[in-house]
Amino acid sequence: MITFSEIAAQGYTKRKFKNRLMCLLFFVAALVALTPLFSIMGYVFIKGVGSINWSFLTQLPAPVGESGGGMANALVGTCVLIVLASIIGMTSGLATGIYLSEYGRGKLATIIRFSADMLSSVPSIVIGLFVYILIVRPMQSFSALAGGVALGVIMIPTIARSAEELLKLVPASVREAGLALGLPRWKVTIWIVLKGSLSGIITGVMLAIARVAGETAPLLFTALGNRFWSWNLTQPIGSLPVQIFTYSISPFEEWHRQAWAGALVLVLLVFSINLGARFVFRPQISRD
Amino acid sequence: MDMQPIVRVRKLNAWFGAAHAVKNVSLEVEPHSVTAIIGPSGCGKSTFIRCLNRLHEEVPDARAHGEVFLGDTNIYGEGIDPVVIRRKIGMVFQKPNPFPAASVFDNVAAGLKLAGIRKKALLMERVERSLRHAALWDEVKAKLGSPGMSLSGGQLQRLCIARALAVEPSVLLMDEPTSALDPIATKKIEELIVNLRKEVTIIIVTHNMQQAARISDRTAFLLLGELIEFGATSEIFTVPKEKQTEAYITGKFG
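Chains A and B, in that order, give the protein sequences.
So the numbering used here is basically just the index in the first sequence, starting at one, shifted up by 2.
So the numbering used here is basically just the index in the second sequence, starting at one, shifted up by 2.
Bound-form chain A, shown alone (with noise of 0.2 Å):
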């Protein structure tokens, strides 16, 4: 006769050993899913890396047909225009992010929301255009206002919706507590709530940025590109992404040196903003 112990000792074994051929099995289906980022990474590396040095991350691009130079200019240029849609992208994106999270109820903040996700799945090639024909044609130049500005738009649905549910995130009795205190909303909002969820929201803006900090397309025919430092804003200005692009379809195999390099200098820093961003959110000690 077989004893209850012998049937769930086999049951056990034949159990065990799937959860491990299942477990095998993620653990493959993860490599696969990583192994184009780490190729991507390993590549851009191993071509990049000879050619970054000194010079190339404080010198201007050389003339065509000369050796050295750097790209000075486009990693400023891109630092301008982050800085430039950050402004325009925190303050519209934190607004609308507020708005639906405190104030928004019925068909208008249901509207805003369908708005938001929508831009956020417009191309950015779109929003390019869009920019190109509201300040580019009107001011009769590209310029880093213009790059800045797309860069921004792309930024705003983003940081408005990590806003809304990070602030949603603060429970509704913490409000109350606010307004119990004989403190006006408006207050009870920025104060405690929008203070209270702050490293969240830092996280999503420095992840918008990480997102733009590499767009191309919208930049095309905004921001344009320049060879020179540019300090004036309605000017066309360089950007990292921009130059990449135009050094890797150049002829000239220095300039495709180059161009590797500046991929990976774009990498790296993108890759530390996303760091960085994951440094800055340490969730609070929760107890609900």
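If you're looking for bench data, these hints aren't it; they were derived computationally from the structure.
Beta carbons are placed, not taken as given, at the ideal position from N, Cα and C, and that holds for glycine.
Check the hints yourself; a few may be wrong.
[Stated by the list, open to error] Quick list of simulated restraints, FRET-style, between CB atoms:
#1 A/Ile114 x B/Gly73: 38 to 48 Å
#2 B/Glu201 x A/Leu200: 28 to 38 Å
#3 A/Lys109 x B/Gly19: 15 to 25 Å
#4 A/Gly216 x B/Ser148: 35 to 45 Å
#5 A/Arg17 x B/Glu248: 58 to 68 Å
#6 B/Pro33 x A/Leu171: 34 to 44 Å
#7 B/Lys189 x A/Ile204: 33 to 43 Å
#8 A/Leu277 x B/Ser148: 23 to 33 Å
#9 B/Ser148 x A/Leu235: 43 to 53 Å
#10 A/Leu200 x B/Asp184: 24 to 34 Å
#11 B/Glu80 x A/Thr236: 47 to 57 Å
#12 A/Leu171 x B/Glu80: 37 to 47 Å
#13 A/Gly216 x B/Lys189: 51 to 61 Å
[Stated by the list, open to error] Cut-off 20 Å, straight-line C-alpha distance, at most; resulting in silico cross-link-like pairs (SDA-like, lysine to any residue):
#14 A/Lys189 x B/Leu125
#15 A/Lys189 x B/Ala103
#16 A/Lys197 x A/Ser175
#17 A/Lys197 x B/Phe107
#18 A/Lys189 x A/Leu171
#19 B/Lys25 x B/Pro42
#20 B/Lys13 x B/Thr75
#21 A/Lys197 x B/Gly147
#22 B/Lys97 x B/His209
#23 A/Lys170 x B/Met151
Based on these hints, arrange chain B on the given structure of chain A.
Just chain B now, with coordinates in the frame of chain A:
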């Protein structure tokens, strides 16, 4: 107890949409007393006290009608700003609800700071006094700068009491303040409520009849939104006048 009542409620009604949650309740509360509101779940206890600082109306679709006098002022009178009323009538909630990402000190000082008080010395003095009244000072004086969330559940609720006291209200509303706490933390809060009577008038909602009997001077029994009986706690729990009160306190329903 021959003083002028500090809170007088007259024919107070409250609704959530079409649901009539509080029906024609009238009662008076003496200063420096503890008044308990008891009744089965869903009888309108919480809604009732949330009307007393006009917090009820902050919920969508909620409205209230009637008169509530704080001293001589009808807080439902025309042109009365609920924000100003809430500075005079504080509230402690069912679950501890500290402000996120704020230190112990900032939690208690929030009401003052956001009302524009900037003087460090004054803030420190008020924070210490509030924490002492909330019987929390000795436990947190060494860690005023650490996050509020680092305290235990019972400490958090006392932190919330200190926060409410810091703006020096004349009435403190408490909505089942111990229902989320263990017996030891509950005992501490009951003790501090009894002592707090010297500072503020307390109106406390509780689903725990023993608690009402232990700490309150007068007790109001609500049933389905109506005030069934209101009187001295000693009488309500020994010689209730109404059949329904007797049935409830003897555990026949609830």
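Evaluated hints:
1. A/Ile114 x B/Gly73: 38 to 48 Å: 44 Å, holds
2. B/Glu201 x A/Leu200: 28 to 38 Å: 34 Å, holds
3. A/Lys109 x B/Gly19: 15 to 25 Å: 19 Å, holds
4. A/Gly216 x B/Ser148: 35 to 45 Å: 40 Å, holds
5. A/Arg17 x B/Glu248: 58 to 68 Å: 60 Å, holds
6. B/Pro33 x A/Leu171: 34 to 44 Å: 40 Å, holds
7. B/Lys189 x A/Ile204: 33 to 43 Å: Given about 42 Å between the Cβ atoms, the range holds.
8. A/Leu277 x B/Ser148: 23 to 33 Å: 27 Å, holds
9. B/Ser148 x A/Leu235: 43 to 53 Å: With Cβ atoms ~45 Å apart, the hint holds.
10. A/Leu200 x B/Asp184: 24 to 34 Å: For B/Asp184 against A/Leu200, whose Cβ atoms are near 32 Å apart, the range 24 to 34 Å holds.
11. B/Glu80 x A/Thr236: 47 to 57 Å: 55 Å, holds
12. A/Leu171 x B/Glu80: 37 to 47 Å: Holds, at about 38 Å.
13. A/Gly216 x B/Lys189: 51 to 61 Å: 60 Å, holds
14. A/Lys189 x B/Leu125: Given that 20 Å is the threshold and the Cα spacing comes to 19 Å, the pair holds.
15. A/Lys189 x B/Ala103: The hint holds at about 16 Å.
16. A/Lys197 x A/Ser175: 16 Å, holds
17. A/Lys197 x B/Phe107: 15 Å, holds
18. A/Lys189 x A/Leu171: Within the cut-off at roughly 18 Å; holds.
19. B/Lys25 x B/Pro42: Holds, because 15 Å separates the two Cα atoms, which is no more than 20 Å.
20. B/Lys13 x B/Thr75: Roughly 16 Å between the alpha carbons, so the hint for B/Lys13 and B/Thr75 holds.
21. A/Lys197 x B/Gly147: 16 Å, holds
22. B/Lys97 x B/His209: 14 Å, holds
23. A/Lys170 x B/Met151: 18 Å, holds
In this structure, every one of the numbered hints holds.
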